[in-house]
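K.L.:
Sequence:
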Amino acid sequence: MNQTASIATLRQDCTPNTGDVTGNQAEPVADILVVDDVMANLSLLVDILKEEGYRVRPVASGREALRAAAAQPPDMVLLDIDMPDMDGFEVCKALKAAAETQHVPVIFLSAFARPSDKVAAFTAGGVDYVTKPFQIEEVVQRVATHLHLESLKACLEDQNRELHARNRELEQIRKTQANLVHMIVHDLRSPLAGVLGYLELLQIGGADSLSEEILADVGRAVEACNSANDLVSCLLDIARLESAAMPMDIAPLDLGRSAEAALSSQHSIKGRRSLELHQGDRPVMVNADAGLVHRVVVNLLHNAIKATGEDDRIDLDISQDGEFARLQVIDTGRGIPPDRISGLFEKFAQADQRRRHRDDGFGIGLAFCRLAVEAQGGSIGVESELGEGSRFWFTLPLIGGEQ
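Residues 267 to 669 in this note's numbering are what the sequence shown lists, from first letter to last.
Worth flagging that the hints you see were computed from the coordinates, not collected in a lab. Don't take each hint at face value.
What the hints assert, rightly or not - Across the chosen pairs, the derived CB separations fall in these ranges:
| id | residue 1 | residue 2 | range |
| --- | --- | --- | --- |
| 1 | Ala517 | Gly463 | 49 to 59 Å |
| 2 | Leu446 | Pro603 | 26 to 36 Å |
| 3 | Gly319 | Leu422 | 57 to 67 Å |
| 4 | Arg548 | Ala487 | 45 to 55 Å |
| 5 | Leu497 | Gly537 | 16 to 26 Å |
This structure is a prediction, so every number in the text was calculated from the model and none was measured. All residues carry an ideal CB built from backbone N, CA and C; glycine is no exception.
Work out the full structure: start from the sequences and follow the hints.
P.N.:
Written as structure tokens, this is what we have:
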């Protein structure tokens, strides 16, 4: 039997198992291209792989291997190196250069055992190297291992594509939400300003004609409008911070003086609460935007006031921690439930939490605080224990690092 007739006979013997006698369709079997110019090696490999249930395509030359792979890319190639017309290294390089076959794993089967040959095989693009004469169990296991790895790789690529698609969808949803919030808060500003203006006119014009009770109600309505206006401004600033469109003036700032100004702004609402500032003898200088820092400290102090009773204590502490300044607002109020802490600084988590904790004193301003601090290179956090109080803190970069 000549070489051509032998190859034809081998191909006829390599029909895959396509189903069982009940007519149920079997799982897809791997298609393996075996390349070797020695008929005995081809026959042995065909028998081994067919016994394992694979579909096998034997070819006796490198050029025939490339034609077969181009016509129908296989799931794996078992490739001899020493062939007359085109050696295995050239075949592997050609397979890796073609878009249709560059992903196909190539296992070299060769009598060459020199380290340089193995290096050349891997350099050409091979995934494994088995030295002849080979053990049947070794070939079977290596084929199964690399087919499994390719299956896992394909699964991972599918999952990555799905993840990227979902990320794009989520990003589009986020942008839509941001645009909607931006549009709503912009449209709210004008009617709020109108309502507030009429209420203030009513306060002035009705000072002599309205009862104290009605004037008090008008005053509460003015406060509610101011609060709504502050919320609108906060939402706009959050949107600008998230899109990196918030104008900032980063400059040297005495954190102690900023804290003193924030404390002074709370005297009209602090009641009998004790508000004290603690800092060292030397100024703590940071690189920051003075307006944003002031708003962050005021927000934290305001939340502490709302979360404490008239006889509670609030301390504002400034210290240095390595290359950062650390400002803490410490209160002796009721504390925060543990299940609330993880989402306390998140914008959308606040909406659900506010529905469940209407009297906790924390609002969307904390989301603004986080974004404002992080935009200036700092971090923010909280520690709290129910019944004992809370410790809100944030850090900002010191000028010139550690002082």
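K.L.:
Next, verify each hint and record whether it holds.
P.N.:
Do the hints match the structure? See the list:
no.	hint	result
1	Ala517 <-> Gly463: 49 to 59 Å	36 Å, violated
2	Leu446 <-> Pro603: 26 to 36 Å	30 Å, holds
3	Gly319 <-> Leu422: 57 to 67 Å	25 Å, violated
4	Arg548 <-> Ala487: 45 to 55 Å	47 Å, holds
5	Leu497 <-> Gly537: 16 to 26 Å	23 Å, holds
Against the hints set out earlier in the document, violations occur for numbers 1, 3.
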